[in-house]
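Trainee: Chains as they are written, first to last, in our numbering: chain A, 1 to 169; chain B, 1 to 325; chain C, 1 to 312.
No lab work stands behind these hints: they were computed from the structure. Please note that the accuracy of each hint is not assured.
What the hints assert, rightly or not - According to the in silico footprint, chain A covers these stretches of chain B (three or more CB under 8 Å from chain A): (1) 2-15; (2) 37-43; (3) 183-197; (4) 223-230.
Stated by the list, open to error - Derived DSSO-like pairs: lysine-lysine, alpha-carbon spacing no greater than 30 Å straight-line: (5) C/LYS69 with C/LYS113; (6) C/LYS69 with C/LYS22; (7) A/LYS74 with B/LYS203; (8) B/LYS307 with C/LYS187; (9) B/LYS307 with B/LYS289; (10) C/LYS294 with B/LYS203; (11) C/LYS69 with C/LYS187; (12) B/LYS203 with B/LYS307; (13) B/LYS286 with B/LYS307; (14) A/LYS74 with A/LYS32; (15) C/LYS22 with C/LYS187; (16) C/LYS113 with B/LYS155; (17) B/LYS289 with B/LYS136; (18) B/LYS286 with B/LYS136; (19) C/LYS113 with B/LYS136.
Quick reminder that beta carbons are idealized off the backbone N, C-alpha and C, glycines included.
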Amino acid sequence: MKLAATLAVPISILPLGVLEQTSRMLFNRLLKQHPGLFERLGEHRTKSFAFIPNELPIVFIVRPSDNSILTRRKGQISHPVDASVEGPLFMLLALLEGRSDADALFFSRDLNVTGDMEAVLAMRNALDDFAIDLPRDLAPLAGPFAPLFLRFGERFRRHALAKEGQEWN
Amino acid sequence: MELICPAGTPAAFREAVDAGADAVYCGFRDETNARNFPGLNFSREELREAVGYARSRGTQTFVALNTFMRAGDEEIWYRAAADAVALGVDALILADFGLMAHVAEIYPAQRLHVSVQASASNVDAINFLVEAFNAKRVVLPRTLTIADIARIAPKIRCEIEVFVFGGLCVMAEGRCSLSSYATGLSPNMNGVCSPASHVHYRKEADALVSELGDYTINRFSSGEAAGYPTLCKGRFDVGDTRGYAFEDPVSLDVMGELDALTAAGVCALKIEGRQRGKAYVSEVVKTLKEALSANPQRRAALLSRLKGLSEGQKTTSGAYNKRWR
Amino acid sequence: MPNTHSPSLTMGPVYYLWDGPKWRDFHFRVADEAAFDRVVIGETVCSKRQHFIEPHLAEVVERLEAAGKTVILSTMALVTLERESRQIRDLIEGSDHLIEANDLSALGLLNGKPHAVGPLVNVYNAPTARLLHSRGAGRICLPPELPFASVRRIAADGPDVAFEVFAFGRIPLAISARCAHARSKGKIKDNCLFVCGEEPDGLPVRTLDGQSFLVLNGVQTVSHTCQTLLGELADLTACGITSFRLSPQDCDMVAIAALYRSVLDGALAPDEAIERLRHIYPAAPLSNGFHHAKVGAAWVTRARDTANSAAL
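Chain A on its own, in the form it takes in the complex:
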């Protein structure tokens, strides 16, 4: 995970406010692209989910019911979450895109799931039904630099997934 490590250093020194703003912008963009994203959660919509990238000092907390995402430093979570998924950043992103099979990742223990398993399962299934493609979905945010962003993003992902042995195509 060389790439993740090189990314982790600058992220860890960024002010939390900047991180929070960025992640919220990306999150809102995703919701705009995929409006029915959380519909499949059913009764689990009201729960809170923590996504914890191993290599970063931060945690993302998602509350589907109010379409919110919070960014916190590890160890600074004020409210307990209902469920959390912990793993290498690129696996969490691959999971988001449905590119990796969550069961396979979990069986190999690359992902660590704690808390409300049913909610996590519902979230996994909800995400899996959407063709999320991060470079494509987020590229418009880069404005005139969108094509560049898209190319860079795709290359970045290809490289990361190949490193993890998760590239199948």
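Knowing the structure of chain A, use the given hints to seat chains B and C on it.
Mentor: Showing chains B and C alone in chain A's frame:
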């Protein structure tokens, strides 16, 4: 040889069709099917779209209504059958005699398949279902050897479908109350086995402990491949022996026996895994489809690619091989 | 349909492997002393065990019938081999006793003949019961997993058959082509040397944290707990259940039958019966969770004042 593929979401359904499935099976988002998991399955509208998508590409759609009707609430199952028939699905996969009788009477033209959950494990049982309900196909329990299948095939008057890849029930399907004994929820009544709502993972020093309800199902030392705490795949103490009392956390793979299954009279191969993601479905379907037409050497190479996707990352040929018993 | 007669007691088949003489003597004593109205006999779990009881079948049937008990012959729960299919066909063709079907092949072969349906057949609703009744089923023992709400509904909507409920014994939970019992002793099913006979009341399965959980009986898995419906008999009788099945464990089944008889006859309070039962069969904790739509292993005690409220 037909390849019958699972879909838990519309996205997985499209992946399965695109990957070359001959038929895709799925269920409604309720207790009428045995994969009644959170966030999974199809609304009526989603099924309508799926059937259309499949049909335009020459793929069939099967709908599983393979739980047992709750007394007094039979209408839920009857309505599911009515809606599936109206949407033009190619077959209903049923387990409950009461529901089979209803479908055979009200929709005599609808193709009826016997679910593995019905536990039709021998010639007399299968012929009973063919005579009583005009069943066109039986999905055989994963309790039979290939020799058993070869013996059964010429004596029955319906098609044979068998599971070849994916999760493996150790117990005779549709006849297991282990899950409800520990959690109150069962495959037969609720469409769930070892439900996620009752699963907990607990960290204990370096180990990961999995629990189902009040019971410890397994303890994994660090680095050891973990499994979902399905009851019959847990580690237990029996006498002085500690280990997987019923079955190791492995999944089924009998694609290596493809030629023997064909010779035995099997007409359709079923992939388990409606609860798995679309990435899994796509990869497995594509690979198995390719394997069906490949020569044996090439087939072995193709199949070895799928190992990493399996539970515990190990596979077994299960009861298809007599030694398993 | 309300009962005018007091419910009857059925002894289920012995699920465990007991050696021939033990099995014979047990049934002799049941014939001579126990308050059962009918007794189901015959190997139900594993066809390999058949020869242990075969030499004693005739004398046991004779003794039970001489004592005025109805004898029902049980069929195998899981039939996969040609030899097993043949046994069932022969049994159905050759016997003038009532036969209890425990799998689909027996149900198919018994079509049109009066027969009984055992607790290992999936009868979850009235339409299924009606279908079985139309094919000749006159007695149906409902699956132990059924909650009371379903039992009541089936009895109300179902056909005119004698419905029975599994009221005593470790609960048959699963059956497999694979023998976990033999496997735990380093054997496989085809070469098992009948090691399941070493545990006449089953082989305990404990969790890694030492919790008693399940019990192995050859290819069958049963509960560690003993399903005990005593406080529930009145409700069950009121909704139309006409007989109760007591499944033999390695304990004094004559005393167990007497307890149930006394409670059904109003001669003994359920709470008192429960206390006595714990002494007669101390090997297993009691459970009634399935009946109360809870975890099967749970024990629900009824609050004394509110007959219908159940609390864990």
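Trainee: Can you confirm whether the C-alpha distance between B/LYS289 and B/LYS136 stays at or below 30 Å?
Mentor: holds (24 Å)
Trainee: Checking one constraint from the list: CA of A/LYS74 to CA of A/LYS32, max 30 Å. Satisfied?
Mentor: Cα-Cα ~28 Å, so holds.
Trainee: Check the hint pairing A/LYS74 with B/LYS203 against an upper bound of 30 Å on the C-alpha distance.
Mentor: holds (18 Å)
Trainee: Below or equal to 30 Å on CA atoms is what counts here, so check B/LYS307 against C/LYS187.
Mentor: holds (28 Å)
Trainee: Does C/LYS187 sit within 30 Å of C/LYS22, going by the straight-line distance between their CA atoms?
Mentor: holds (25 Å)
Trainee: Between B/LYS307 and B/LYS289, is the straight-line Cα distance small enough, at 30 Å or below?
Mentor: Holds - the C-alpha atoms of B/LYS289 and B/LYS307 are around 16 Å apart, at most 30 Å.
Trainee: Run the distance test for B/LYS286 versus B/LYS136: straight-line Cα separation, threshold 30 Å.
Mentor: holds (27 Å)
Trainee: Verify the proposed pairing of C/LYS113 with B/LYS136, using a straight-line Cα cut of 30 Å.
Mentor: At roughly 26 Å apart (the allowed maximum being 30 Å), B/LYS136 and C/LYS113 satisfy the hint.
Trainee: Just to be careful, I want the Cα atoms of C/LYS294 and B/LYS203 compared with a cutoff of 30 Å; is the pair within it?
Mentor: holds (28 Å)
Trainee: Three residues minimum, CB to CB under 8 Å: does the region 183-197 of chain B make the cut for coverage by chain A? Let me know.
Mentor: With 3 residues in contact (Cβ-Cβ under 8 Å with chain A), the coverage given for the region 183-197 of chain B holds.
Trainee: Take a quick look at whether B/LYS203 and B/LYS307 sit within 30 Å of each other, Cα to Cα.
Mentor: holds (27 Å)
Trainee: Within 30 Å, alpha carbon to alpha carbon, are C/LYS69 and C/LYS113?
Mentor: holds (21 Å)
Of the numbered hints given earlier, the model fails hint 11 alone.
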